[in-house]
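Protein chains in written order, with our numbering: chain F, 6 to 89; chain Y, 1111 to 1267.
Honestly, I wouldn't trust all of these hints.
[To be verified] Which residues of chain F face chain Y? A partial, calculated answer using Cβ under 8 Å:
| hint | residue |
| --- | --- |
| 1 | I62 |
| 2 | A81 |
| 3 | G88 |
| 4 | G89 |
Treat the hints as calculated values from the structure; they're not laboratory data.
Note that beta-carbon positions come from the ideal geometry of N, C-alpha and C, so glycine has one too.
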Amino acid sequence: MMARILFFGKLADAAGGRSRDLSLAPETQTIDDLVSALSAKEAALASALNENSVRFIVNEMIASRDAAISDEDEIAFLPPVSGG
Amino acid sequence: MIRVISDPFDPGAELSAFEKEASGAGAIVSFVGKVRAAAGGDSVKALCLEHYPGVTEQSIAEIENKARERWEIDDALIIHRVGELAPGDTIVMVCVASRHRREAFEAADFLMDYLKTEAMFWKKEIREGGAVWIEPRHADYKDAARWNESGRDDEEE
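Sequences and hints are given; from them, build the entire structure.
What follows is the structure, encoded as structure tokens:
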């Protein structure tokens, strides 16, 4: 299994794509760890993902930054929303 | 009913169908939102709306539930388009049926304020000068804050 990571809105621009499948490293236990791992490799993502306005969803449910994640999860990063 | 769709729709036909379904209600308010032709002094060529299937519908259902807790709503219809839209296209339609007009007006207003600031859509404007991701303006958050329990927003712009 691999974790499915989804990037929405301007975060997809920063990530260079809307989704990626990732095998999480053993030390990646939470969303916060995942942000750190992604930030370490990609400067554009480092600034985009660390904005306070970014929200997280794990398996279609709103999650906090310290939520536990595993290779079986779908993890989404959301910038501020705008509809209507 | 909540529908997130990529194909164009006919607001007139939707309102007629809604009226039939909501027979018995004393008041029906409908709002139709269109894509503006200009933004920030620049002409808009297209608007691209992205959503998170399943999660977006759920976020709208929560907004509708909040409205139903506040007003006696007989029936509600929310249609929101996604994908690429052109200036003049209909992007959103909200219909509310209730016993009396005040409830229908207020609930429709509330639904639009929250669709702007809480529904899970991401909007990109393709302007003459380039593409810009749109985030709610201060005024949009202020509009949504009008409905807070305190009912007051004394903050000055």
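Status of each hint after checking the structure:
{"no.": "1", "hint": "I62", "in the structure": "6 Å, holds"}
{"no.": "2", "hint": "A81", "in the structure": "6 Å, holds"}
{"no.": "3", "hint": "G88", "in the structure": "4 Å, holds"}
{"no.": "4", "hint": "G89", "in the structure": "4 Å, holds"}
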